[in-house]
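Place chains Y and E on chain D using the hints.
Protein sequence lines correspond, in order, to chains D, Y and E.
Residue numbering for the first sequence is 12 to 1032, as defined by my numbering.
Residue numbering for the second sequence is 254 to 721, as defined by my numbering.
Residue numbering for the third sequence is 3 to 209, as defined by my numbering.
For the record, the hints were derived by calculation from the structure and aren't laboratory data.
These numbers come from a predicted model, not from an experiment.
Beta carbons are placed, not taken as given, at the ideal position from N, Cα and C, and that holds for glycine.
A portion of the hints provided could be inaccurate.
Examples of chain E residues toward chain D, derived with CB under 10 Å [to be verified]:
1. THR77
2. LEU91
3. ARG93
4. ASP140
5. HIS203
Derived lysine-lysine pairs resembling DSSO-like cross-links, with alpha carbons at most 27 Å apart [claimed, not checked]:
6. D:LYS668 with D:LYS222
7. D:LYS1013 with D:LYS993
8. E:LYS102 with E:LYS133
9. D:LYS668 with Y:LYS669
10. E:LYS102 with D:LYS921
11. D:LYS222 with D:LYS246
Read off the chains here:
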Amino acid sequence: MDDPIFIKNEGQHSLRYRSLKEWIGQTQGDPAATGSFDEFSPAAFDPVGMPVETLSRRRFLSLLSASATLALGTSACSRIDRETIVPYTRRPEEIIPGVANYYASTFREGLITQGVLVKTREGRPIHVEGNPEHPLGMGKTSLRSVADLLGLYDPDRLRGPSRAGTRTTWEEAGREIVRTLRTARDSRSAVLLLTDAVVSPTQNALIQDLKNTLPNLHHAAWEPAAPHAEMSATKALFGEAVLGRMRLDRADVIVAFEADFLGSEGNDAALIRDFAARRSISGPADTMNRLWVFEGRMSLTGANADHRIPVRPSRIAPLIFALAGHLNQKLGVALPTGLNAQSLSPFALEAVVADSAIEPALLRSLCDDLKRAGRSALAIAGPALTQEAHTACQLLNAMLGAEGYAVDASMSLPVRDLLTYAGIQDLFEEAAAGKFAVAVFWGTNPAYSCPQASVWKAAAAKIPFKIRIGLYEDETALDCGWRLPEHHWLEAWGDFECSADVLSLRQPAMGAIHNTRQGEDILLSWLRGLGTNTRQTYLEYIKARWEREVYPAGSLVPFPAYWNAALHDGVVLREAKPRPGRNPRPEALTEALERSAAALKKAPASIELVLHPAASVYDGRYANNGWLAELPDPVTKATWGNPLLLSVSDAARLQLKDEDQVRITAGSASLDVPVIIQPGQAPGVASLSLGYGRSAGNVAAGVGNNAYVLAETSAAAPLICAIARIERTGGRRPVPRTQDHFRMEGRDLARTRTLSEFAHDVAHSDTGKGHELQSLIPPQQFPEHRWGMAIDLSACIGCSACVIACQSENSIPVVGPERIIEGREMHWIRVDRYYEGDPANPKVIHQPVTCQHCENAPCEIVCPVNATTHSPDGLNQMSYNRCVGTRYCSNNCPYKVRRFNFFDYTSMKKQPENLAFNPEVTVRPRGVMEKCTFCIQRIDDGRQRANSEGRRLRDGEILPACAVACPAQAIVFGDLNDPRSKVAAASRLGRGYHMLEDLGVKPAVTYLADISNPVSGKGKA
Amino acid sequence: MNSRTVSMPGQILPESLRTPPITAGPVSLAELDEQVLSPVERKPPKAWFFAFAFTSAVMLLGMGLIGYTIATGIGVWGNNIPVAWGFDIINFVFWVGIGHAGTLISAILLLFRARWRNAISRSAEALTIFAIMCATLFPLIHVGRPWLAFWLFPYPNQRGIWPNFRSPLMWDVFAVNTYFAVSLLFWYLGLVPDFASLRERTQSKIRKFFYAILSAGWRGSASHWHHYEKAYLVIAGLATGLVLSVHSVVSFDFAVSLVPGWHMTIFPPYFVAGAIFAGFAMVVIVLVVVRTTMRLENLITLYHLEVMNKIILTCACLMGYSYLMEAWTAWYSMNSYIHHTFRQYVAGTYWWAGWTTITCNIVIPQLLWVRRLRRSYPAMIFVAVAVTVGMWFERFVIIVSSLHQDFLPSAWHIYKPTLVDCGILLGTFGLFFTLVLLFARVLPVIASTEMKSVLPGMQPRREGGTHE
Amino acid sequence: MKNRLAFPRIRLDLTRWQASGQQFLAYSRFLLPASVLLVFLTVIAVGWFTQPDSYVRGYAPEQPIPYSHRLHAGTLRIPCQYCHSGAALSRQAGIPSVQKCMNCHSLTKTDSPHIRKLASLIASGEPMKWKRVHNLPDYAYFDHRPHVTAGILCQTCHGEIQTMEVVSQHMSMRMANCLGCHREPKDALPADSGIKRGPEHCNACHR
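Looking at chain D on its own, in the form it has when it is part of the complex:
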């Protein structure tokens, strides 16, 4: 009986192994299974870095030798003869090693300037915050000004002047260029100077000087994301391109048309602050603004709307005119003088919205709302729209009396001319025709942002002598013979006109890292070379001009003192007489009416594509900034690229799923992009963000697609183009998103109430809190302080400035798209975004989530080595150096806010990028857990200061980076033990609650429910 059994067993024996193999086969199939084998590239930067030695010769050398602070991380080892201490040879008196200094400076992006404070340690900028002295920002600043700190230390920066790719000296370059300019002047051949927007009066003066010395200099400014249409509209209406300031603090009813003024457009912190200030209410009695949004794409502004109406952008101009008509005919709001009511007749509400799903009733209630608000109503049109739309918007504002109140142009200055899309096209066609002998490309990057690459190539080929003044070896630099590296703005001087009465100053926060010069200094040297007698440095140039023009005559303060004070504050307020109220020219209005009446007749394209600047990398200038590249888009939560957003219905019609790869064709250009189905996107509207698809830069190159090629330069609205075809090219391209699941699954996570519901709750003292959970364990004692946070969901608009500020403050690594896809992002604070209701037009809720510092922290009991513990001041602490990396704490964290170093992300940082590290925070090595600390380094420092000054801590003295950065002031931080502290007050508010209260973990973070204010909500608007 043995043998048969024996044979059978052999069979069975092998069977066992076979079944194992089969089972392994299952996982070999999927891509992620192999994904982990390819090594991680995108976060890794250019290996050629600046050695520490060259650094240590500079005056900003840190007391602790940089390599020791940064590189070693937490690896404990024998430290015999390992380190040297290198003190200053001459210590600058303002620097105490180990103590941070702050310098006021100014950040500019396009037409927007923001006052900032640059935090430096041992002369090296490590963080950027808003400048509280600044009347516009008031201590708030946009996420991109914070993130641009990384640009300063970008390893890709040009490190010295070069000619045709070979290094050269500044003197050599100067000589050569001046000679060429001379010959150009003598031969009367034109010289092109292409810059980005000129907001600085002194820079402008300098360019004028250059013009005077070089009569044939042709200066043009190119800002791809500037509000071109609005400028031309205002020019036509009021004679000059003066953009009124949107006074959201005064506006009770705001109606935005395809305008993302809270999001990607300029990301103006002042606007966000004013808007949010009217959203966060302490009780139902408070007044609240109401936001109506008409838009095609789902923008961040739309996500915060009380009423969001999806509509095709091409239909917006008629729609606004229709609203104006209704206001005029039905509600008796007077039209501006000279405009007869008949011209509005083609725009009847019902007619305009006939081909869309919008109910006229809703529009009527909007009109009532606007009339009620009167001059505190505010209509805003987005930069993508046509000039007519902007004209219509101005008309609306003029009718309601908002012009001059909610739209305040009294202190605005005319915007200096900018090239339109048509303009730059013409310019380069002229250049291609051989108009220019010399071209200087300063700052702006036309080789990338010029819609038609062919035109640029032709132009570049035809310009014999091309000079690039810029930071990087970018697309334009690659096409230019001379590459003159420029100072980063943190290394440079400058001044800006924020408005007629506010002048803002820029000063270097550190000496230049590389062998670079300030662009203005380069121009000055040319001026001198061309024989004009002028200042030696741009600093002297500014000071001279200021002494002439800004320094108040007959002031008692001597100019040097005045100048130093100005530098210290970073801003100067001066008397300026407000410009008189303005009335729209009727002929401009009628012309616009006729044009849009014509537009109304012809049927819209099957799918309109809206191109918009990205919330993170803007128009592409920050594409090489890892922090911004990895910043989740506030709405889609997509990182590292620009997927095509389609509406639910269109995706269904085209049978497309998320992450399908498609080719879109518009006009002559076509693009291969992955698809994301975006709830709330208007049917027939697709959208794609600009700023990606760069071809140069170690971070930027190959990320996303360049959407500029789709812009229709000749059209009335270049950034809204008709898509001819969308066809599936087969295959899928995974979109790295930090959030995969968008429904709240009926869980009580982010609470929302309408104003009326809130009033009802308060009236019936229904706080929505569950019953108090009983515990057998005695509560913890917090004798001195108990740090806590309150996050106001009503104020929070989801802009994600907190994420960037946190990343900068806590030296959080960038991990790259592959890691994001695997779910290994490192952000300590994230902004969760949920959709509620009909996917065609859902309600959007933003909820910043960070470590909740639970009193009964689940992570603490499960850590086997006591690496995460509770402090007597209520913090859930994480000691990286003790962590062995069991990751149990993360499993047991209900909020999943803990991040794990799956790889050694720090070693991927290259000099000088690691100078951006905060010396007060440990650099986390591979294999340890990390998480939000409430910025323990700031808490410690604040306590030590108070302690050594022998006083108690003041409320608001200690703030984590996110709270400082939050433009909406949605994050309140302080001591919960102090009943008078802001955070304690906020936590007591009626709409306060703890997330996942029923778990009994007792978070230190209180959320304030989001209050919306729809018309039905009886808001006091």
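Quick look at chains Y and E alone, frame taken from chain D:
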């Protein structure tokens, strides 16, 4: 224990239910020694070398990948946030589970005087030890910084701090280490007399030397036997407790946390049952091979296998009960999170894993109700393999499916194992079977001395001895 | 009890074995326990003799110039914080800049070669590279401020610095040592100093 409570079923039960003889046919002491001890002295057959080459190759693959992981980082695995534990802990729990049959057989059955265990205890214990070796690997390599894993041990240090004794992982360290130590001791103690016999039998000087060391001077004197029996009973007593404690503690890793689907009071018994279940399956697989390839059919009889299959069947029913209890808890607790998690088990991202578990652990073992299948090699191997796979997937479901969707939907993320994960799992199987193969050649796979004690008519009188 | 009775019998057996010419067997049985014990002891020994402290303490490297604390702090009684001015203001006490040395040495001992070296550094702007004596790992964020403001003497941690010709590390830099003082200040500090216990939570030093 009071021996009078223990009565051999032989006397009171009807013929059909009587315990069949321990051996198939009469075996004399000399025959037994020859049969059990001689393989150790003989040169292994070709088939063994092939098998050994294969398994050790697989083992080396695993070791290589572990090296790669330690050099590069946990990132080469599929783990992420929220699924911070993946194959690593699945394999750990799986292997610890495999170990349990051995201890149960050698310790608990010894105390219960189940005479049939003597034939299989040796190999079962061996499996236990090998399984724990595979298991202990994972807690070590799964941490982010394995070179600091020694911090988990409470030793006097210059930091002035201790580990966190509140953490279940801490308890694990103690539980598993104790378990390994006791099992090893128990196993070695059982081996001592056999080493002695080998020492006496062998001719080669070297072998004699090593056997002499291992047999620790055993001469089989009455006092030796006396102490031996005492020690054996004492350790058996200890081990008995461990059978229950170890996997209970392992289950605390989950039960103590607040992850929906982990936070369950049923976990300790549920895990212990599962462990014994998986363990017996593995023992059956190995024994069938050993018995046939090494011609031990007369000592390890079909009866042995059938009894083990009965235990497997019992465990299968226990598992079924546990699964039902989970479902009941999910429904009765009215807790939306647990609701969701349980729905995920059967109809979520990893529904296939859930159903594999149920099919392999509950449905397939039901075959063993049929006596003919209980006694048929193909059937029992099929069931055993199914159970092994099923129990692995059970841990997969518990860990991955629960973690990948817990409290905040915003944090939900899918988990995909990488090839490295699979390679390391495969490697531990390689390690396991390599050790098994070595064991089969260098040690007597049957405790000849224990066997002698139960051979017909050869019961030595020990205190509380059996009533025959 | 039983065992002690059992023992002589074993002896008897030995003689029988010796007779059978297998003496090594008699002792072989000790080899296994012995080796186990050996392994255990080695582990302990290695652990004990490789305590980081054992070779970090008393570390007194040669500095680029033979600066004498005995002279400056001892004989001349220059207060510590005249040079290490950061102690009360910053986490780091700080090493004086070369310039600070020259405050005095531009007049005194200008002929000494070492002072000339300082002068040359000032001229060239090159930094002075001192050897670091007291070195904490980078994850330990020791803050001088609270210790100085609490009135703890520099000597408590840095030893009788005013007597040191060459500075050497006096205190153990191990965590237990810090904690010892934070837990029981009485033991380390003069009894009359009314200094309270220091914080013991992790982030007091680690971030």
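Hints versus structure:
Residue-level restraint check for E:THR77 is violated (minimum Cβ-Cβ distance to chain D is 23 Å; threshold 10 Å). Hint status for E:LEU91: holds, given a least beta-carbon distance of 5 Å to chain D, under 10 Å. For E:ARG93, the suggested interface contact is upheld, since its CB lies about 5 Å from the closest CB of chain D, less than 10 Å. With a least beta-carbon distance of about 5 Å to chain D, the hint placing E:ASP140 at the interface is held under the 10 Å criterion.
The criterion of a C-beta within 10 Å of any C-beta in chain D is met by E:HIS203, whose closest approach is roughly 4 Å, and the hint holds. Taken as a hint, the D:LYS668 and D:LYS222 pair is broken in the structure, with Cα atoms around 55 Å apart against an allowance of 27 Å. With a C-alpha separation of about 20 Å, the suggested pairing of D:LYS1013 with D:LYS993 holds against the 27 Å cut-off. Between E:LYS102 and E:LYS133 the CA atoms are separated by roughly 18 Å; this keeps the pair inside 27 Å, and the hint holds.
For a cut-off of 27 Å, the pair hint linking D:LYS668 to Y:LYS669 stands: about 21 Å separates their Cα positions. Restraint check: the Cα-Cα separation between E:LYS102 and D:LYS921 comes to about 35 Å, which exceeds 27 Å; the hinted pair is violated. Straight-line distance between C-alpha atoms of D:LYS222 and D:LYS246 comes to about 25 Å, which keeps the hinted pair within the 27 Å bound.
Violated hints, listed in ascending order, are 1, 6, 10; each of the other numbered hints is respected by the structure.
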